[in-house]
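K.L.:
Take a look at the letters that make up each chain.
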Amino acid sequence: MKFSGRKSNPTLHYLNPLSTFKNLWKYRDLIVLLTQRSILLRYKGTLLGFFWMIATPILMLAVYLFVSVYIFKAQWSGAEFANPRAARALIMFCGITIFNISSETIHTSISSVAGNPNYVKKTIFPLEILPFVSTASIFFFGSIWALIILTCILIFVKQLCITVILCPLLFVIFFLLCSGISWFLASAGVYVRDTVHVTGILTQLLFFVTPICYNIKMVPERFRAFIYLNPLTVLISSTQNVLFWDRWPDWTLLGLIGLASLIIFQGGYYFFMKTKGWFADVL
Amino acid sequence: MSSEIVIQVNNVSKRYEIYETSHHRIYQILSLGLMKFHKTFWSLQNISFEVARGECLGIIGRNGSGKSTLLQILAGTTIPTSGEVEVRGKVAAMLQLGSGFNPEFTGRENVLVNGVILGLSRKQVHEKMDDIISFAEIGDFIDQPVKTYSNGMFVRLAFATTTHINTDIILIDEILAVGDALFRQKCYKKFEEFRASGRTIILVSHEADVVKRYATRVIELTHGRLVSQDTSQVSAQPNKNQQ
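If you read the sequences in order, they're chains A and B. My numbering applies: residue 18 is where the first sequence begins, and numbers increase by one. My numbering applies: residue 16 is where the second sequence begins, and numbers increase by one.
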C-alpha cells in the first residue's frame, strides 16, 4: 500500500467499470455480511420482526386497492382487464414501488458514510461498499414487494405475460442507477450537511414528475419531454408494459436508460473514490 | 533483527483547514482558492522515519502533538497533505477498540463482522472464533447483545478479535489504559508473541513510561514535529493532562 499527497491518485483506474466490479467482488464477503446485518437490523427489537417484511407491502397494497375500488373513480389505466379497478391499483402500485425504492435509496445513502464515522476514522475499511450495501438491502426489500406484486397479478388479473422474463434486466438497470446515485449522495452527505434537505424537496418533486398516478399520455405534449428526462419514467413504463400488457419495452429508450445508468454507476463510484480520502478530515 | 523495512514515512505533513463557521467553507469553495477564509493548522510537519519488520515502535507525545493523526495516516484513513507513506503488508488498526461493533448484535456476530472487515473470509473467522472467545474470557456472554457487556468485556473482545487475525502490522492507539492489570499482562504477552513471529507493532500513547517498557524504539512528537528518535533521550516525566 502506498499513500501520498494529492498528486498521485489513480484516476483512470476508477473510470473503468471492470475495476469497479472487481473491487466489489473482492469485498463480496463483507458486502454480503453487512447487507444481511442491515436487513436484520431493520426489524431488530420490533415485536413482529420479519412479519413486517411481508406485512408492510401487503397492507400498503390493500390501501391502494381500497382507494382504487371505492374512492378513485377515474379509470385512466387498466380498463381492458377483467378486474379493471384492481388492475389499476396494481399498475399504480408497481410505479409506487419503483419510486419508493429510489426515494429510499436517496434518503439512506446520504447518511451511509456520514452516519458511520467510526468506519471512516477508526478502522481500515473499504468505505465504497457502505453506500452499495445500503442500496443492496433496499433492493432486497424491494424484491419482496415485487414478488407480492407478481402474486397479486396472478390473483386479480389472472394472467402472467411471457414478457415478464425481462424483469431481471430492468432490475439490473435500476440497481446500477440507484447505486451510482448512492455513491454521489454518500460523498456529498459527508461534505455538505445540507444535502439531506435538498434531496427531501427533490424527491417530492420527483414523485410528481413520475407517472405513477397518471398516464404519460395525460401529460400535455410540451411537458412530456421533461417527464421523459426522469429515468424512472422509462423504467416504470417498461415494467408496467412487461407485467400487464405483454408488450416489449421501447428498446431505444430502454437502451438509453441502460447506458445512462451505467454512466451514473461509474460516475458515482469515480466521484466517491476521488473524494473519500478526505472524509476523515471533515467528519 | 532483520533490516527489512515495512513502513517508510517520507517527509509527511498534514494540514487541517479550520473554519470559524460553516459558511466560510462555502466562501472558500466559491473563491476558487483566490482568497482565504480559514486558518490552517499543521498537525504534522516533515515527519520521516522507518520501521523494520518485527520492531515494536513506540510513538509518544502530549495530547495534540499529532500522534493520532500520524497513526491515521499509517492506517490510510486520512491522506497526508504532502510527503509519502509506504506500508508493506496487511495492517490492522486499533485506533479505538470495538469501534466497528454494533451494540444490538451479539458478541459472536460482531466478531464475525470485524474479522471480515479485517480481511478474513467468513469461514476463516469461524475457525478462529473459539480462540477469540477464550482469550477474551467472556464465556456465555458471547451470545448476548454487546450492549449488555461491561466496559471491560467489550474491550477484551475487541482486542481479542483484532489480535487473533494475522496481519503483518498492528497499529495501537491509547488502549493500554483499559482493562484490568491481569488482562494488560496478557496483552503484553501477546505483543511479545507478535514480535517473535515477525509482526510489526506501532504503539501510541502519552504514557511514556508504559511505551518505553514494551517498545524496542521510541520516537517523540511535539507540536507535530519529530523531536527524538532514540530510546535513551526519551523524557519519562508523566503527562499532566492525562484523561
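Honestly, the hints are just simulated from the structure, not real lab data. Accuracy of the hints is not assured; some may be wrong.
[Stated by the list, open to error] Quick list of in silico lysine-lysine cross-link-like pairs, BS3-like style, CA-CA up to 27 Å: (1) B:Lys-54 / A:Lys-61; (2) A:Lys-39 / B:Lys-105; (3) B:Lys-54 / A:Lys-39; (4) A:Lys-61 / B:Lys-162; (5) B:Lys-54 / A:Lys-138; (6) B:Lys-51 / A:Lys-43; (7) A:Lys-293 / B:Lys-227; (8) A:Lys-293 / B:Lys-162; (9) A:Lys-138 / B:Lys-105.
K.L.:
Hint by hint, note whether the structure agrees.
P.N.:
Verification of the supplied hints:
1. B:Lys-54 / A:Lys-61: Judged against 27 Å, a Cα distance of about 45 Å means the pair is violated.
2. A:Lys-39 / B:Lys-105: Holds, at about 19 Å.
3. B:Lys-54 / A:Lys-39: Since the Cα atoms of Lys-54 of chain B and Lys-39 of chain A sit roughly 41 Å apart, the hinted pair is violated (cutoff 27 Å).
4. A:Lys-61 / B:Lys-162: 14 Å, holds
5. B:Lys-54 / A:Lys-138: Holds, at about 22 Å.
6. B:Lys-51 / A:Lys-43: 42 Å, violated
7. A:Lys-293 / B:Lys-227: Not OK: Lys-293 of chain A and Lys-227 of chain B at ~36 Å, beyond 27 Å, violated.
8. A:Lys-293 / B:Lys-162: Roughly 30 Å separates the two Cα atoms, so the pair is violated.
9. A:Lys-138 / B:Lys-105: 18 Å, holds
In this structure, the hints that do not hold are numbers 1, 3, 6, 7, 8, in rising order.
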